[in-house]
Amino acid sequence: MEWFSDNETLIQAALAGAILAYSFQIAMRAGVFTLAGVGFWGIGGYTTAYLVTEREWMTVPAILVGILLSGIIGLALALVLGRLRSLYLAMATVAFVLLVQIVAINWEDVTGGAGGMFGIPVTISTWQLLLVVAVVSVALLFFERGARGRTIEAMRLDEQVAMSVGINIVRERDLIFVLSSMLAALSGGIAAMMFNTLAPEQAGFGLIVDTLMMVVIGGAAAWWGALVGAFIVTWLPELLRFTGDYRGIVEGLIVVLVVVYAPEGFVGLVRRVTGFISGRRKPVGTPFADDTATVMPDAKHAQPEAALPEGAER
Amino acid sequence: MTASLLTLDDVKVHFGGVKAVDGISIDLEPGKLYGIVGPNGSGKTTLINAVSRFVHLSAGDITLDGTRVSAMKPFQVARHGVARTFQAIRLLPTLTVRENVLMAVDRKPDAKKATDAALERLNLTRIADEYPDNLPYGTRRRIEIARAIAPDPKLLMLDEPIAGMNREERAEIAEVMKSLRDDGLTQLLIEHDLRIVLNTCDHLFVMNFGKKVAEGPPHATAALPVVQEAYLGRKHDVDA
Chain G
1 MEWFSDNETL
11 IQAALAGAIL
21 AYSFQIAMRA
31 GVFTLAGVGF
41 WGIGGYTTAY
51 LVTEREWMTV
61 PAILVGILLS
71 GIIGLALALV
81 LGRLRSLYLA
91 MATVAFVLLV
101 QIVAINWEDV
111 TGGAGGMFGI
121 PVTISTWQLL
131 LVVAVVSVAL
141 LFFERGARGR
151 TIEAMRLDEQ
161 VAMSVGINIV
171 RERDLIFVLS
181 SMLAALSGGI
191 AAMMFNTLAP
201 EQAGFGLIVD
211 TLMMVVIGGA
221 AAWWGALVGA
231 FIVTWLPELL
241 RFTGDYRGIV
251 EGLIVVLVVV
261 YAPEGFVGLV
271 RRVTGFISGR
281 RKPVGTPFAD
291 DTATVMPDAK
301 HAQPEAALPE
311 GAER
Chain P
1 MTASLLTLDD
11 VKVHFGGVKA
21 VDGISIDLEP
31 GKLYGIVGPN
41 GSGKTTLINA
51 VSRFVHLSAG
61 DITLDGTRVS
71 AMKPFQVARH
81 GVARTFQAIR
91 LLPTLTVREN
101 VLMAVDRKPD
111 AKKATDAALE
121 RLNLTRIADE
131 YPDNLPYGTR
141 RRIEIARAIA
151 PDPKLLMLDE
161 PIAGMNREER
171 AEIAEVMKSL
181 RDDGLTQLLI
191 EHDLRIVLNT
201 CDHLFVMNFG
211 KKVAEGPPHA
221 TAALPVVQEA
231 YLGRKHDVDA
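Chains G and P, in that order, are what the protein sequence lines are. Just so you know, we're using my numbering here: the first sequence kicks off at 1 and counts up by one. Just so you know, we're using my numbering here: the second sequence kicks off at 1 and counts up by one.
So that you can see chain G by itself, here it is in the shape it has in the complex (with noise of 0.2 Å):
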């Protein structure tokens, strides 16, 4: 237990990142390269913290408005950027990221301005944050089997592939998107009512090469990936502290080396050893559609497109 009280603040951090990285990793492995999430994970923070202490909301309403907003928002979002794709998605959700932090900047009345709000109370506890992770960890795991899951893979792996059988490309990423955002926004939500302030440049890019980072070391495979990975990535800085000065070198070193070494992240190692063990690994795949080529050596179709393909017009 004092191991547990030590290190409360890294675990609440880590459990509220996982459900950030969840939002970027389930977009991912549908092949929908989006990075709005840090943006609506603003949404939904400051519209909890807003109407919890402005408006004398109780918690749970107050995140649930800020899911449904941001689930709104999301919507229209996809249908906006909807024929974008790989790196051209991604830089019109980082635009939109910039975007939330404008408007959070300079609509002071609401959040706060730059200086941002102070003094939220805080409503959540660890074990109720817990309890959280672990409904979405399962909610994801059903979600991850069965047809939905292999939809999301046939989205990510082949999307004309995915079309002769059916299915209707367009409308699961919106889905996928609107999903995305919401579970950013819970992020949010909770953020704010468990550390008390909630800033303007704490929605913005070093939060999306944070949560990237948790994908990407974590592995983009399975859902527990992201989870792993937020413990990672919060926990590194500490792990790291005996290297001073030193410590943002030796971080982005290991980046480096998780992504040339093992692109798979934390869950193809563990798929590799229980492969060698068991005599039968299973495939992988990282979590970018432009790497098909790297697990599907037949198909010379896999280019990156900076648009929907052929006849999936919307």
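Everything labelled a hint here was simulated from the structure, so no lab data went into it. It is possible that some hints are incorrect.
[As the list claims (entries may be wrong)] Short, incomplete list of chain G residues facing chain P, as computed with Cβ under 8 Å:
| # | residue |
| --- | --- |
| 1 | Glu153 |
| 2 | Ala154 |
| 3 | Leu157 |
| 4 | Asp158 |
| 5 | Val161 |
| 6 | Ser164 |
| 7 | Gly166 |
| 8 | Ile167 |
| 9 | Asn168 |
| 10 | Arg271 |
| 11 | Ile277 |
| 12 | Ser278 |
| 13 | Pro283 |
Glycine included, every Cβ here is placed at the ideal spot set by N, Cα and C.
Given chain G, put chain P in place with the hints provided.
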């Protein structure tokens, strides 16, 4: 005269100045096995891509079973009963053989039964839990066909399904095509191996430069001078 299952009416697919398909009109009757032959670049794959709606029609109309599919999206065409395989093997490596087939019938209530039947038909039941990348080339081709037939389509389009296979595997696939035809499934086969086409198909279309240059009973059509020219070139081309 039997009502057509698939009708292509003056279908054109132009990519800028390239006339990949240039005014093709064909009718497919239900329950027959049709072959399309022609030299590389003659527009065969583009034609079935047009039916799948993977490419936009520059002109013309496509009707399947009385419904206009040329205005549909690819997933709608598939749901309307058009299944296909691809020239290059396109299986999902992270799914097992069974899951690769199951994904084609996930929306159907009897998905498991349909999957088991398709696996059985292509002799894949024993390896249903393997991953495709661990399997031989010919087997992966059979998985693609199993995936295509699992939804019980009205039309099956096969794009060079026996390319790269050995003689035994070719004969096996030819038997599968014949038995599917005997069960009433209409098939459109693109294939370079004329022997297989002549021995399996009921009707042959010959394409060259995006146009249909001949059609009819396979052996008689293959013997036509225009077909020989399409494959071997004209005499004066050689003399020159």
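Interface hint compliance - Arg271 of chain G to chain P, C-beta minimum distance less than 8 Å: Because about 11 Å separates Arg271 of chain G from the closest Cβ in chain P, which is outside the 8 Å limit, the hint is violated.
Satisfaction of the Leu157 of chain G interface hint, Cβ to chain P closer than 8 Å: With a closest approach of 5 Å, the Leu157 of chain G hint holds.
Gly166 of chain G as an interface hint toward chain P, with CB separation required under 8 Å: holds, 4 Å
Hint check, Ser164 of chain G versus chain P [nearest Cβ-Cβ separation less than 8 Å]: Where the cut-off is 8 Å and the nearest Cβ of chain P is about 6 Å from Ser164 of chain G, the hint holds.
Hint validity - Val161 of chain G Cβ closer than 8 Å to any chain P Cβ: Holds, about 5 Å.
Given hint Glu153 of chain G near chain P, where the shortest CB pair must fall under 8 Å: holds, 5 Å
Restraint satisfaction for Ala154 of chain G [CB to CB of chain P, less than 8 Å]: Status holds, d = 6 Å.
Agreement of hint Ile277 of chain G with chain P interface, Cβ distance less than 8 Å: With Cβ-Cβ at 17 Å, over 8 Å, it is violated.
Closest C-beta approach of Asp158 of chain G to chain P relative to 8 Å, hint status: holds, 6 Å
Interface hint for Ser278 of chain G, Cβ within 8 Å of any Cβ on chain P: Violated - the Cβ of Ser278 of chain G stays beyond 8 Å from chain P, reaching only about 12 Å at its closest.
Supplied contact hint for Pro283 of chain G, tested at 8 Å Cβ to chain P: The hint holds - Pro283 of chain G has a Cβ within 8 Å of chain P, the shortest such distance being about 5 Å.
Per-residue hint verdict: Ile167 of chain G, partner chain P, C-beta under 8 Å: Ile167 of chain G check passes; min Cβ-Cβ to chain P is 6 Å, inside 8 Å.
When held up to the earlier numbered hints, the structure conflicts with 10, 11 and 12 and fits the remainder.
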